[in-house]
Each structure stands twice: as C-alpha cells, then as structure tokens.
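These protein sequence lines are chains A and B, in that order. Counting along the first sequence from 1, when you hit position 294 you're at 718 in our numbering, and nothing is skipped either side. Counting along the second sequence from 1, when you hit position 348 you're at 772 in our numbering, and nothing is skipped either side.
What the hints contain is simulated information worked out from the structure, not anything from laboratory work. Take these hints with a grain of salt, some might be off.
Any copy will do: because identical chains look the same in the list, a pair fits if it lies in one copy or spans two.
[Said to hold, decoys possible] Below, computed lysine-lysine pairings styled on PhoX-like, alpha-carbon distance capped at 25 Å:
| no. | residue 1 | residue 2 |
| --- | --- | --- |
| 1 | K514 | K661 |
| 2 | K782 | K614 |
| 3 | K661 | K782 |
| 4 | K782 | K495 |
| 5 | K495 | K568 |
| 6 | K495 | K514 |
| 7 | K614 | K451 |
| 8 | K451 | K514 |
| 9 | K514 | K782 |
| 10 | K661 | K451 |
| 11 | K434 | K614 |
Bear in mind the structure is a predicted one, so any value in this text is a computation, not a measurement.
There are 2 protein chains.
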Amino acid sequence: EVAPCTEFDKAYFHSYAHVGIHEEMIKDRVRTETYRNAIMQHRSSIEGKVVVDVGCGTGILSIFCAQAGAKRVYAVDASDIAVQANEVVKANNLSDRIIVLHGRVEDVEIDEEVDVIVSEWMGYMLLYESMLGSVITARNRWLKHGGLILPSYATLYMAPVTHPDRYSESIDFWRNVYGIDMSAMMPLAKQCAFEEPSVETITGENILTWPHVVKHVDCYTVEIDELESISTRFNFKSMMRAPLHGFAFWFDVDFSNFATSSTNNHSSSSITGPSNDPLTDGSQRKKRSNPNDALVLSTAPEDPPTHWQQTLIYFYDPIPVEQDQVIEGSVTLSQSRENRRFMNIHLEYSSGGRSFIKESVMR
Amino acid sequence: EVAPCTEFDKAYFHSYAHVGIHEEMIKDRVRTETYRNAIMQHRSSIEGKVVVDVGCGTGILSIFCAQAGAKRVYAVDASDIAVQANEVVKANNLSDRIIVLHGRVEDVEIDEEVDVIVSEWMGYMLLYESMLGSVITARNRWLKHGGLILPSYATLYMAPVTHPDRYSESIDFWRNVYGIDMSAMMPLAKQCAFEEPSVETITGENILTWPHVVKHVDCYTVEIDELESISTRFNFKSMMRAPLHGFAFWFDVDFSNFATSSTNNHSSSSITGPSNDPLTDGSQRKKRSNPNDALVLSTAPEDPPTHWQQTLIYFYDPIPVEQDQVIEGSVTLSQSRENRRFMNIHLEYSSGGRSFIKESVMR
C-alpha cells in the first residue's frame, strides 16, 4: 500500500536535480546555520547513533550529523541530486558512515531502526510540496521508540497585512502611464498580480495584528491523512486604521529536546483558540524564546529573511479597516487532487459587513 | 502561403496576455521614452498619416502615434492583450483614430497602404522570439513605397567577457561550504549554471575588447529567410590580461530618418568585417552618435540598463588570456526547428592554442 510515484512526483524530484535550488537553500544562512546549530546542540542524541536524512539533497545535513558523531547516516533522496551527494560524501572520506540511498523513503530499504530523523522538508507556506509525508513515512518505517526528529514541531501562522506600496506599484501604476490614463488595464492587473499566492518579503510593519495559528504540527504524532486538508477559523482585530490588502502566511519550526515533546502537546491546544485571544497569543510568542532553549527556525516577517520569505494572498481590492475592526473568516489548505504537491487555498473573510471568498492555487 | 499559427505560436501569444510582461516593458523607461521621443521626432512623417503598430500590446505606442497626429493607427496584436488595448483606446476617446485588430499580421486585413510601421519587436539577443518576421510581413503587405519603419535598423553585437565574481559565486562557492569541501558539486554547477544563455546585467568593465557586429538588420530590406540562420566569424584581441568567462551579446536599434536609410546600406558592409578591424569598429562607434541625430535605443553594457539586460554565454571553464591574445571563432544563431521562437546558438572559439565548441538553446 505504498503510494505510487506519479509523473508529478517525478517532475517534483527532477526539479531538485538542478544545482540552483540547492545553492539557494545552502546560501540561506538562517536555514543552514540553524540546522547545523540544532544538530550540534543534539550531539548527545546523535553521537554513536543511526540517523536518516529525509530528502538529503547535496548531503550537507548528513555531513553535519557525521560531524556530530553519528555512527551511520542514511541519506535518502529520490532526486538525481543523490548522485552528487554520493560524490560529496566520497570526497570527504565519509563513505563508511554516510550511505546515500537514491530513491523514495517509501521504496528504499534500511535494515535497522534509526535513532534520529533529520529533514528539511518545509515548503512555502510550510506545507507546499507535501514533503512532510515522506518524513512521516520514514518515522513510521524506521524510527525507534523514543527517537529524535529534527525539527520536532512546526507551526503555520497567518495575519492580515497592509501593503500600499506593493498595491500601488502593480495596480495604481496604470492610472497614469507617461501621462496616459491606462486604468482600463487595472482589472487585468488585479487578476494577474493577485490571482496566485505571491512569495515575497514583507516586514513587521505590514502586519495588522498578532498572527493566528493555522496549524501546529507535532512531527512525532502527525499522520499523513491529516495533511490532506487543513481548516481553521480566524478572528482578528486590526491594531490600526489601514487598507487591508490581504493575508500573509509564514511558519517556524522548533528543534526541541525530546524530553520537552513528550510533556507538551501543542497540537490540540493551539489550533482551536482564535488568534486574538491573549492567552493563545501569549503562548505563541513564548514558544519563540522557549524555556528549554530549543532552537527555532523562524520565517516570520519580523525575523531575518530566509529563502522562504512570506507567502501573500492579496485581495483584488483593499478593504479599509478602522482600529479594532474585526476581520474574521476561515481558510482551508488542501492538497490539489490533480497533484498533491500543489496546494488549494480557499479563503473566506468578512470585515465591515462585507464578505468575500477567494480561491487560489499554489502550483 | 501564410505561415500557419502553430501551438508554439499560440503559447507565445498567450505569454503576452499576462499583465506582468507589459508592466515590465512599460516600466523600462529607456525603452518607452526612446520610442516616445522617436515618434515625436518623426512627427512630420506621422502627422495626418496612417500607421500600423505591429504587436501593439497595451497600445501605448499607438497612443504615442495618435498624440503625434496620426490620422489612423492600426494596432495589431495576436495576443489577448489586444482586448485591453481596445479598452485603453476607448477610455482615451481614441477609437476613431486607433483601430485595434486582434490577430496576426499574417491574418488581419487592412484595406489601405500605410505610411509608417512602428514596432517594438526586439527580443533577448535581438532575435529571440523571432518577432521581426511579423514586421517584415506587415512591411511587405501594407507599407507604401517610401514609408517609414521605426526602428529602421538594428545591430546585434558580441564581445568576450570576464566575470570572476559571477563565476566564483556559482562555481567556486562549492569549494568551501560551511567548512565542507563540496567541490564534487562543481561539474553539476557548471552544467546547470552555464548550459543555457543567461540574461543578466554586466558593465563595461566586464568587456575585454570592442564588440563585433554579429548582424546588422536594415528593416527596409531584410527578408524572413535570412533570419533563419545567421553566421559570423569573429577575431578579438584581448585588451587586457584576464580570465575569459564567455561572450556577451547585446543590441541597439536606430530610429533613423528615412532620408538616411536610402543613402546608407549598412547591412552588407558591417556583417563582413572582423570586429577588431579598426575601421569597422570606428564606424560601429560612430553610429551611436550619428550625424543625423537619429535616436538610438542601446542595450549595451556601458549604457543605462534596460529590461533586455545583456545575454551571456558562459564557458564551463574560464580561459586565461594575456593582453593582445587572440580569441577567434564563429557563431551561428538559428531558429530552432521544433519552435522557431527558440534560438539555437552554436559557438566555436579558440584561444591560446585550444579550441572549443559550445551548443546552447535559448528557450
């Protein structure tokens, strides 16, 4: 009952055979250094142990694990980049400790239980690419009871945004083009610029309220079927008067100690509470400087930028909101039926007595 | 015997239905203002006359022509952007003077001769997209004897380039990645980074010699079949000691007065001479500040950047060259057989006693 490898999966794996995507990820210092620090911080759980690196790419995380003293690392990747990973491992004289397996985690064979899973599986909006399913498969196939998963938790956030400059550059621009009124272009401009989610970097100043938790993932317990469709209701209260241009999504992941994970069960508590509940917000904010000093890799607008940036869903027209005005609604993120690597985003929102629905697809 | 509209042509036209490409072109002030200035400079040839705008896009050049006093402008575009062009024309109360024709120049009907053709047909490396053929078709179908074509001439240049920073960022980067020797990635990095032509902005400092004219196009006389394949031999002498990383291509177009064009026949003279012939070079440089004050839209590295940037073809490995070292060879640019909008680039070059061949495709 292994999921078949579709043509879409093949195209997905092939996209990782190009060097550019690995160069971009590796050059993202926030990403790569946080992973390295997390691996070194968990050295005591890695030393002398067996690790599997799910989607190893060029093999850099596997090498960090070897540097942290892993006895054996299975570096698994379905993309042809595994060929290069193997060359890198050989050139670094690590072939005795890092075993590159060129195939899907569903298909490759590992004849022992593993102590640690490390994986950099996060896509835009956390769940785009649907790679978390491979981590779950690896966990269910090979992870020892009491084993470690790095990262351990992931949280997807959303918040209402104002971004007058962006709107003006793309839309108002057409009002006066070298002295010509080209506003007849504006309907097409709105449709083209704002039909699909936009990956771009915004700042904390674009955010109108504290974020809402769309989904908290506990990598120890999450199962594949709960990722097919995720729904949440939100209820924001704007902290200022501004034109509301859309919603921003971002995530963070948490390299907790295993000890922490068994005592906290974030997943059930943080999905339900509305984001403007002060208690929920408090716990969200605390997570980022949590008492166990677990490392957090954050892609939030107020944190240093990463290659994930933030994902924006713009409305066709801004909604003017007053301070304390309520913005409420719901969002459903679901894997596209045609290609589970794509994500359908169904957004319903209302504010100031008007309601809207926006459907978009992240391809 | 009209060329059929292929699926590739449809995809090509469809790519111009998105607003982004028009926004980018219009926001390129060097491009748009040079066209506007050229149209205004030729006001005496446009006033009270009939114009056809080949590939009108949003219609902005047609409106400039109406502002310059054209009696009637046929704005032709095969892309659905023609629908918006028509809306823009209506909103500006120009429907009586600008007639938007949604179709290919091969297919639409214009029941009169035209005095002026204006078109912004240039692609990357001048000829990518093969849109010049549509200008030729329009000229052969409708242009009056003695009519004006804007722009009138186009010249494609090439020059050897050194670009150590770019090479280092993409290739040498892998030598030391967070302390790990990942140089096993370098063959893939070279292949991925340098297989296809790269559109990027360089500066005059990257150029090792005066440029060579690959092709000079006289829009009054050029015929479609001579664009299918263009070959030229080059013979450069490096003006400095540097690693040679590849060749850059760029172009300029010239909005000459018609009077000039009939007396000069650039096309036959400038293809043949090798670029390091001082006489040929002299005439090349002169063109850019020519005595008739014809406006030039230049995309050269030493001029202000445009959205065309420059097109670079990188070698897999740099060639060290000394001052005065000869770099010679040939280049053939041909329309791809599978899709004439694509361009095959066949490059043969030798220097310091070694010879190389590089094939690439611009898709």
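Evaluated hints:
1. K514 x K661: neither (56 Å within a copy, 43 Å between copies)
2. K782 x K614: Close inside one copy (13 Å), not across copies (43 Å); limit 25 Å.
3. K661 x K782: The answer is within: 20 Å in one copy meets 25 Å, while 60 Å across copies does not.
4. K782 x K495: Neither: 50 Å inside a copy, 45 Å across copies.
5. K495 x K568: within (15 Å within a copy, 81 Å between copies)
6. K495 x K514: For K495 and K514, only the intra-copy Cα distance (16 Å) is at most 25 Å; the inter-copy one is 73 Å.
7. K614 x K451: between (33 Å within a copy, 17 Å between copies)
8. K451 x K514: within (22 Å within a copy, 50 Å between copies)
9. K514 x K782: This pair counts as neither: shortest intra-copy Cα distance 50 Å, inter-copy 30 Å.
10. K661 x K451: Answer is neither; intra-copy 38 Å and inter-copy 37 Å both fail.
11. K434 x K614: Between copies, since 24 Å is at most 25 Å while 33 Å is not.
Violation of the numbered hints given earlier is confined to hints 1, 4, 9, 10; the remaining hints are satisfied by the structure.
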